[in-house]
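So the sequence lines, in the order shown, correspond to chains A and B.
The first sequence begins at 0 in numbering that gives the first Met the number 0 and counts up one residue at a time.
The second sequence begins at 0 in numbering that gives the first Met the number 0 and counts up one residue at a time.
Calculated directly from the structure, the hints in this document are not laboratory data.
Treat the hints with care, since some could be wrong.
[Unchecked claim] Think about it this way: if two alpha-carbon atoms lie no more than 16 Å apart in a straight line, the pair counts; the simulated EDC-like pairs of lysine to aspartate or glutamate are:
1. Lys400/A / Asp74/B
2. Lys388/B / Asp108/A
3. Lys29/A / Asp74/B
4. Lys324/A / Glu165/B
5. Lys324/A / Glu163/B
6. Lys388/B / Asp427/B
7. Lys54/B / Asp143/A
8. Lys148/B / Glu138/B
9. Lys50/B / Glu65/A
10. Lys324/A / Asp229/B
11. Lys505/B / Glu434/B
12. Lys33/A / Glu112/B
13. Lys505/B / Asp440/B
14. Lys104/A / Asp143/A
15. Lys400/A / Asp463/B
16. Lys48/A / Glu399/A
17. Lys496/B / Asp367/B
[Stated by the list, open to error] Covered, in the sense of this in silico footprint (three residues per stretch, anywhere, with C-beta under 8 Å from a C-beta of chain A), are these stretches of chain B:
18. 107-113
19. 179-193
20. 204-214
21. 304-317
22. 373-384
23. 443-457
[To be verified] Computed far set for chain B versus chain A, every beta-carbon distance over 12 Å:
24. Pro62
25. Ala159
26. Ser291
27. Pro323
28. Glu336
29. Lys359
30. Asp362
31. Lys505
C-beta atoms are modelled at their ideal positions from N, C-alpha and C, and glycine is treated no differently.
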Amino acid sequence: MTRTTGKKLFLALGMAALLAPVALPAQQNKPWEKIPIPPLPAFHPQQPKRIELKNGIVVFLQEDHELPFISGSVLIPGGSRDVPAAQAGLMDLYGMAWRTSGSEKMSGDAMDSYLAARAAHIETGGDVDSTAISWDSLTKDSDDVFALAMDLLFHPRFSAEKLMLAKQQEATGIVRRNDDEGDIASRESNKLVYGAGSPYARQPELATIAKISVADLQAWHDHSLKGKLIVGISGDFNEAAMEAKIRAVFGSLPRVQPLPARHDTFDGPKPGVYFINKDDVNQSNIQIVGLGTERNNPDVPALALMNDILGGGFGSRLFQTVRTKLGLAYAVDGGLGFSYDHPAPFDVEVLTKSASTVEATQQTMNIIRGLTTMPFSEAELKMAKDDILNSFLFRYDTPEKVLGERERLEFYGYPADYLETYKAQLEKVTLADVTAVAKKYIHPDKLAILVVGNGPEIKPALDTLNMGPVHPIDITIPRPGAMAGHPGAAEKQQ
Amino acid sequence: MQRRYCWLWKSAMALLAVALAAPGAMGQATAAPSAPAQTVQAQSTTDQYLKRFEKMITVRVLPNGLTLILCRRPDAPVFSYTTFIDAGDVDDPSGESGLAHMFEHLAFKGTTEIGTKDWPDEKIALAKVEAANNAYEAEYRKQVGRDPKKLEELHKAFVAAQAEAEKYVVPNQFTQVAEQNGAHGLNAETGLDSTQYFWSMPENRLQLWAWMESSRLADTVPREFYKERDVVLEERRMRTDSDPIGRMLEQFLATAYVAHPYGRSAIGWPSEVSQITATEAMAFHKKYYAGSNVVEVVVGDVDPKTDLPMLEKYFSRVPAGPKPEDLTTVEPPQIAEKTVVIHENTQPFYIEGYHRGSYKDPDDAVYDAISDIMSNGRVSRLYRSLVEKQQIAAAAAGFSPYPGEKYPSLFAFYAVPLPGHTPQEMRDAIHKEIEKLKTSDVTDAELEMYKTRARADLLRGLADNQGLANALAEYQTRYGDWRQLFLQLDRVDKVTKADIRRVANKVFVASNRTSAEIDTIQPAGGAQQSGGAQ
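Looking at chain A on its own, in the form it has when it is part of the complex (with noise of 0.2 Å):
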């Protein structure tokens, strides 16, 4: 068992200044800024190979012979935000049933043998947005393992067996889900962003994962395949070879068909406080809600350093004063997030004992106004572009960083040279932007807050926030009558 003094925080800055006492002098003596930063030296990293196949594909190859691997994998469009809500949970399943049911050629229960034997892996899975299926081998296996990979891509055989097998997983994470305080916290806040019945935020229910047949799964595949596929490969492998093999298997496919637009209404969480009970914890999980915004959105470089300035890493607004000076929690964080194709939620989180429930959300909301209130320091800014820009070509460090980067890009339909394109952006906001995106994207009165706790122990009540009635969420799993294969189903359970 592992501890850690902070969760991962990639961006951070500080505030020191702001928080100083004014009594005291300023520190005289800063011996680190003595120490020679020699200028880095030029980096380029090594590009992937892009080629776009005359049916659309788009294949990517990173060679690299550090060591003796070769891996790859099939990006697919489509995935649970394009499952009708009567099927939710299908994307899970799929995922599960493609892989384990195995491929014309081999079974899947035969394919987990050999590869096993192998060391090498084939894997499938569903996102919201995509599915994939990915591959690595040692190089003396891959041939095999790949053409094992295309045999399971392009015959797969869905069993009813593994299907089976799959929803009992699924149902397993289903009864278990409010068992996690953390959990339930992530799940339902994002319900209240996006709306319990949002393709963003909607849950698998015993009932909708009974319906789902092999033939569901079979559509849904050979739907997809259709769409266009990126291709990525790294590894030891020469390029041209690959290119000949990769243009064999996906060159004769038909012209990829795009999937048509999306047309999803994003109205944010209805404002107010919201509170879950769970009787066995002490620390109550506060996520504070909102809508967030666009990756491509042209203030989002702007917006990423207030967030950095809000509650980035040890130094931002959030962690320095619920955290260090107030020592209300281990946990606190977040920001306005941005995703590639669809409004993120603004989200931030803090956890805290149970009795100082109302005065962790009250110091968290008054940072959360500070935003629009309370001045940036040109400190603050340098200190949040000095910490982005300085860990930046850590998004690029490695080859397997730029193909991921590289295929992300590709898959969102953003140029190729959106890194440096952003970094160039970053460089260049004033203090006057971020004031501006802090006015314009931050708005108290939107935000929903969720408490996930223990009721009788939260002294101050919720009610005390004074921020209106407190509306109780019941989470009961919903159980349908019976459900074939599992006894215990019909058990009435918190």
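Chain A is already provided as a structure; the job is to place chain B on it using the hints.
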């Protein structure tokens, strides 16, 4: 939150998290039909990589006993480091559980030079904080004649002394300077056996990093200690008190051990953590952060010729001191099976553990083989049996060593029941699979698969600077030679089928077993409308 170490230490928490979060996604598999016999070729591949790394790596033991390892890999202008302290919460003195972890938090608070406005005055203020705390605690701990009014006054004085000391603080300056200079993945971990500090940085900050890291090792001060103690108590609430699995594991270990501190709460019992003092933390630092107990590894775009003299200069500041002695306590043999049953309104769970040797046990690789064959992926015996064939569990696996490796530890098995199935069924099914290990040999294919995967996993782990830094530091600390990272494969290769049967028969016996389970009870109250947030 953290990266896993690919090689030796498998975190039970990570395994449990995987089991609970994604019951289906267990990785890959076992029980191969005809495994390719490539031992010889694979062995030579490993030798080839060992030779390559011998050329890349420079080791220097400084006069203060600190071991410095540089691994030159100039692919990108970055480096990663690990500071590995051979001390963790197993070394907490009696009554001070959680101390090593508390100190780790203190190590982010700065030094006499960074994080302060005026160290001489701050030092005086901190001494007053300590005196005020001692006075408060002395009254608080009185069994007889505690005066509530006096206690309140003493508490006020303690709070006032802290406020006075805070005037001299530049809060979080140490971490801010690191982050402003591009520190990536900045963090630390305290385990039972060790404490590790790590981050990655652009290579032009190597000297700045050396100043910072050597400063905090050599020159820690007890800044903001009591606020940070509250933060750590929140960490405990998050990881243990408010998490059903966290609660269960704490009780499981406390029951499995009667003498050795592996049975003690690693993050600390609330009463003890809440009374740890800065004086105790500084005493821990003096004893366990001596040069002889520290391995410092840097991997990345570094050049021993130019960088080593600079690093030697900075890390020579770490005080010398004797290598702390290992613990005297040896867990006595268990003589009777022990069981913990938690009745609560959470879903059922089953775990059991058997005492085994430490990482130095000659059978260490045999335990790894058993764990691999029983648990690694969809071909593993427990998955095939409990998940696929009997369809009673969403996940099932064995793992070892747990909770540590430096001292005799446990071999544990767990299973997550499917809805409608009970911990008792998990227990019976796990015991059937264990019985098979005791009465018949594993197959050639299973054994070969374990060896093939051990070699491949070793090579896969070499790709990442930070992962490599951690591994080199661990092997250097545990074996006195980083080469064991590669040479351990000899021990893997020597494992036989007879070894597996012998070890299973020796260790997996009822009197050596401790189990813990969660038995679900229904809540008393009624429910409102269902479905969650709308």
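Checked hints:
A threshold of 16 Å between alpha carbons decides the hint, and for Lys400/A with Asp74/B the separation of about 13 Å falls inside it, so the pair holds. A hinted pair counts as satisfied when its Cα atoms are at most 16 Å apart, and Lys388/B with Asp108/A qualifies at roughly 12 Å. Restraint check for Lys29/A and Asp74/B: the C-alpha separation of about 33 Å exceeds 16 Å, so the hint is violated. For the suggested pair Lys324/A and Glu165/B, the alpha carbons sit about 9 Å apart, so the restraint of at most 16 Å is met.
The suggested pairing of Lys324/A with Glu163/B holds, with an alpha-carbon distance near 13 Å, which does not exceed 16 Å. Among the hinted pairs, Lys388/B with Asp427/B is consistent with the structure: their alpha-carbon atoms are about 15 Å apart, no more than 16 Å. Restraint check for Lys54/B and Asp143/A: not satisfied, since their Cα atoms lie roughly 34 Å apart, outside the 16 Å limit. Between the alpha carbons of Lys148/B and Glu138/B the distance comes to roughly 11 Å, so the proposed pair stays at or under 16 Å and holds.
A C-alpha spacing of about 14 Å is found between Lys50/B and Glu65/A, which places the hinted pair at or below 16 Å, so the restraint holds. Of the pairs offered as hints, the one joining Lys324/A and Asp229/B holds, with about 11 Å between alpha carbons and a cut-off of 16 Å not exceeded. Proposed proximity of Lys505/B and Glu434/B is supported: the alpha carbons are some 12 Å apart, at most 16 Å. About 13 Å separates the Cα atoms of Lys33/A and Glu112/B, which keeps this hinted pair within 16 Å; it holds.
At most 16 Å may separate the alpha-carbon atoms for a hinted pair to count; Lys505/B and Asp440/B meet this at roughly 15 Å. Distance hint between Lys104/A and Asp143/A is fulfilled; the C-alpha atoms sit about 12 Å from each other, no more than 16 Å. Only pairs whose Cα atoms come within 16 Å are accepted, and Lys400/A paired with Asp463/B is accepted, the gap being roughly 11 Å. At roughly 13 Å between alpha-carbon atoms, Lys48/A and Glu399/A fall within 16 Å of each other, so this suggested pair holds.
A threshold of 16 Å between alpha carbons decides the hint, and for Lys496/B with Asp367/B the separation of about 13 Å falls inside it, so the pair holds. Under the rule that three or more residues need a Cβ within less than 8 Å of chain A, the assignment of the region 107-113 of chain B holds, with 3 such residues. Look at the region 179-193 of chain B against chain A: 13 of its residues bring a Cβ nearer than 8 Å to a Cβ of that chain, three or more, so the hint holds. With 5 residues bearing a CB less than 8 Å from a CB of chain A, the region 204-214 of chain B meets the requirement of three and the coverage assertion stands.
Under the rule that three or more residues need a Cβ within less than 8 Å of chain A, the assignment of the region 304-317 of chain B is violated, with 0 such residues. Evaluation of the coverage hint for the region 373-384 of chain B: fulfilled, as 4 residues show C-beta separations to chain A shorter than 8 Å, against a requirement of three. Residues of the region 443-457 of chain B lying with their CB closer than 8 Å to a CB of chain A number 8, which satisfies the three-residue condition for coverage. Annotated as non-interface, Pro62/B keeps its C-beta farther than 12 Å from every C-beta of chain A; the closest such distance is 23 Å.
Separation of Ala159/B from chain A is adequate, the least Cβ-Cβ distance of about 15 Å exceeding the 12 Å criterion. With a cut of 12 Å on Cβ distances, Ser291/B stays outside the contact zone with chain A, its closest approach being about 24 Å. With a cut of 12 Å on Cβ distances, Pro323/B stays outside the contact zone with chain A, its closest approach being about 21 Å. No Cβ of chain A comes within 12 Å of the Cβ of Glu336/B; the nearest lies about 24 Å off, and the non-interface call holds.
Every CB of chain A is more than 12 Å from the CB of Lys359/B (nearest about 21 Å), matching its label as outside the interface. The beta carbon of Asp362/B is kept farther than 12 Å from every beta carbon of chain A, the shortest such distance being approximately 23 Å. Taking the minimum C-beta to C-beta distance to chain A, about 26 Å, the non-interface status of Lys505/B holds against the 12 Å cut.
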